[in-house]
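Student: Now for the letters of each chain:
Protein chains: 4
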Amino acid sequence: MSEFRLDFTVRDYECDLQGIVNNATYLNYLEHTRHEFLKSAGIDFALMHQKGINLVVVRSEIDYKYSLTSGDKFYVTLKMELEGKIRFVFYQDIYRAADNKLVLKGKIIGTALSPSGRPFLPDELKALGK
Amino acid sequence: MSEFRLDFTVRDYECDLQGIVNNATYLNYLEHTRHEFLKSAGIDFALMHQKGINLVVVRSEIDYKYSLTSGDKFYVTLKMELEGKIRFVFYQDIYRAADNKLVLKGKIIGTALSPSGRPFLPDELKALGK
Amino acid sequence: MSEFRLDFTVRDYECDLQGIVNNATYLNYLEHTRHEFLKSAGIDFALMHQKGINLVVVRSEIDYKYSLTSGDKFYVTLKMELEGKIRFVFYQDIYRAADNKLVLKGKIIGTALSPSGRPFLPDELKALGK
Amino acid sequence: MSEFRLDFTVRDYECDLQGIVNNATYLNYLEHTRHEFLKSAGIDFALMHQKGINLVVVRSEIDYKYSLTSGDKFYVTLKMELEGKIRFVFYQDIYRAADNKLVLKGKIIGTALSPSGRPFLPDELKALGK
Numbered sequence: 001m002s003e004f005r006l007d008f009t010v011r012d013y014e015c016d017l018q019g020i021v022n023n024a025t026y027l028n029y030l031e032h033t034r035h036e037f038l039k040s041a042g043i044d045f046a047l048m049h050q051k052g053i054n055l056v057v058v059r060s061e062i063d064y065k066y067s068l069t070s071g072d073k074f075y076v077t078l079k080m081e082l083e084g085k086i087r088f089v090f091y092q093d094i095y096r097a098a099d100n101k102l103v104l105k106g107k108i109i110g111t112a113l114s115p116s117g118r119p120f121l122p123d124e125l126k127a128l129g130k
Numbered sequence: 001m002s003e004f005r006l007d008f009t010v011r012d013y014e015c016d017l018q019g020i021v022n023n024a025t026y027l028n029y030l031e032h033t034r035h036e037f038l039k040s041a042g043i044d045f046a047l048m049h050q051k052g053i054n055l056v057v058v059r060s061e062i063d064y065k066y067s068l069t070s071g072d073k074f075y076v077t078l079k080m081e082l083e084g085k086i087r088f089v090f091y092q093d094i095y096r097a098a099d100n101k102l103v104l105k106g107k108i109i110g111t112a113l114s115p116s117g118r119p120f121l122p123d124e125l126k127a128l129g130k
Numbered sequence: 001m002s003e004f005r006l007d008f009t010v011r012d013y014e015c016d017l018q019g020i021v022n023n024a025t026y027l028n029y030l031e032h033t034r035h036e037f038l039k040s041a042g043i044d045f046a047l048m049h050q051k052g053i054n055l056v057v058v059r060s061e062i063d064y065k066y067s068l069t070s071g072d073k074f075y076v077t078l079k080m081e082l083e084g085k086i087r088f089v090f091y092q093d094i095y096r097a098a099d100n101k102l103v104l105k106g107k108i109i110g111t112a113l114s115p116s117g118r119p120f121l122p123d124e125l126k127a128l129g130k
Numbered sequence: 001m002s003e004f005r006l007d008f009t010v011r012d013y014e015c016d017l018q019g020i021v022n023n024a025t026y027l028n029y030l031e032h033t034r035h036e037f038l039k040s041a042g043i044d045f046a047l048m049h050q051k052g053i054n055l056v057v058v059r060s061e062i063d064y065k066y067s068l069t070s071g072d073k074f075y076v077t078l079k080m081e082l083e084g085k086i087r088f089v090f091y092q093d094i095y096r097a098a099d100n101k102l103v104l105k106g107k108i109i110g111t112a113l114s115p116s117g118r119p120f121l122p123d124e125l126k127a128l129g130k
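Protein chains in written order, with the working numbering: chain A, 1 to 130; chain U, 1 to 130; chain X, 1 to 130; chain S, 1 to 130.
No lab work stands behind these hints: they were computed from the structure. Everything hinted at is true.
Intra- or inter-copy, both count: the list cannot distinguish identical chains.
Straight-line alpha carbon distances no greater than 25 Å define the calculated DMTMM-like cross-link-like pairs of lysine to aspartate or glutamate that follow:
id, residue 1, residue 2
1, 105, 83
2, 79, 93
3, 85, 36
4, 105, 93
5, 65, 81
6, 107, 124
7, 39, 83
8, 51, 72
9, 39, 99
10, 107, 83
11, 105, 81
12, 107, 61
13, 65, 44
14, 79, 99
15, 79, 3
Put together the whole structure using the sequences plus the hints.
Tutor: This is the structure:
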């Protein structure tokens with residue numbers, strides 16, 4: 001199982017009228033972390049799209065435990081596993097940096113779509129999940 | 001159980017480099033639908049915040065079934081239920097308008113936080129869940 | 001000169017921690033209005049991209065006159081002109097619907113990029129600017 | 001005149017269906033840089049809002065020179081000046097890190113609104129502009 005971590009700072013425009021990071025924005029953080037993880041393993045999301053292979057999310061489960069707010073520094077952790085023959089799972093948690101407080105627990109299930117739209121598991125991802 | 005529906009059109013800036021609506025953006029659609037539903041029942045999200053009561057998401061489960069793309073018209077449905085003493089659940093699905101194709105199934109669990117940060121169920125929401 | 005108008009409602013996630021629509025979000029509103037205007041004239045932004053022609057913004061000038069906030073209904077107006085041989089200008093204003101109060105005055109200058117990246121004026125747009 | 005620089009990496013969700021960073025997203029980059037600059041000078045945007053003082057943009061002029069795309073590293077520069085008695089101007093440029101190519105030239109004019117909504121220049125900002 002691969003492990004990865006990425007550091008972030010909350011940007012004020014990511015906070016909504018409650019003064020906390022909007023619930024959708026955490027999905028952005030998780031996606032950016034996945035793409036940086038894949039890139040670190042030699043898999044470029046944008047290049048795969050240009051080759052006709054689209055990595056897509058098929059299910060997400062998110063537990064919001066605590067809210068991030070203006071100026072907070074935080075990090076996203078990532079572990080990846082294969083699930084069945086064509087799916088990969090990312091376990092992604094978010095922690096506030098100042099005190100390692102758990103902010104969010106996420107499970108993101110993805111697959112790859114071939115140029116014809118058929119779900120499959122590219123060899124590069126197969127290798128990663130081992 | 002309350003039912004509600006809201007119509008939308010995909011805006012091009014909501015699509016990412018794959019040419020489809022980004023996975024986080026669907027959370028925006030779901031939130032906007034919840035807030036319009038609450039407003040239709042006399043509950044204003046922004047006014048509640050001003051009174052010190054914050055409605056927050058505590059868990060989301062999303063199944064992405066099909067992708068929306070540039071120009072698609074779609075609608076979001078909503079049913080709300082109470083769950084236990086302090087939680088409310090929104091079942092929210094998204095359908096493409098042209099053919100009623102199911103795009104996404106979502107379950108969003110929320111609670112309200114009192115000015116002191118304690119989870120509770122405001123009376124207005126209690127009434128809604130019946 | 002072509003005229004166009006599109007109606008909107010502020011979505012709560014578009015407001016930032018000040019409780020007003022974030023300055024960048026108005027650019028989203030203006031873009032969506034331009035694309036709907038172009039579509040009404042038979043020009044599809046996404047289809048042009050697929051044909052290798054990219055419509056891009058080269059300059060924007062925005063005067064922020066008044067802030068939109070949660071729940072506000074508003075509309076965006078649009079007039080288009082050609083400027084020189086390869087540029088088109090969109091004059092776009094935003095008004096709050098309740099009282100027609102001017103919220104924003106914008107001038108957006110765009111061009112089209114050919115598949116080789118050269119700025120040019122597609123015939124469809126030439127026709128529109130007359 | 002104060003000078004400041006902040007480093008960024010394009011996140012894939014910031015790219016639109018053309019595969020380049022959306023025109024509105026650059027405003028997010030500029031805002032985040034301004035807020036980090038202010039914070040480095042002891043001025044916290046969110047805390048000022050809590051004290052009833054809102055820093056707002058009154059005008060923006062942006063020249064889009066070149067597009068950022070997936071994976072690009074870039075930096076935003078900032079110089080601040082006072083303009084008249086109640087306005088401050090941020091000159092903000094964006095450069096691609098790999099080759100220092102100019103991506104965008106921006107001029108953002110802001111003011112502060114007192115709790116009663118009157119434009120004024122807080123002392124902290126007056127000191128910064130010198």
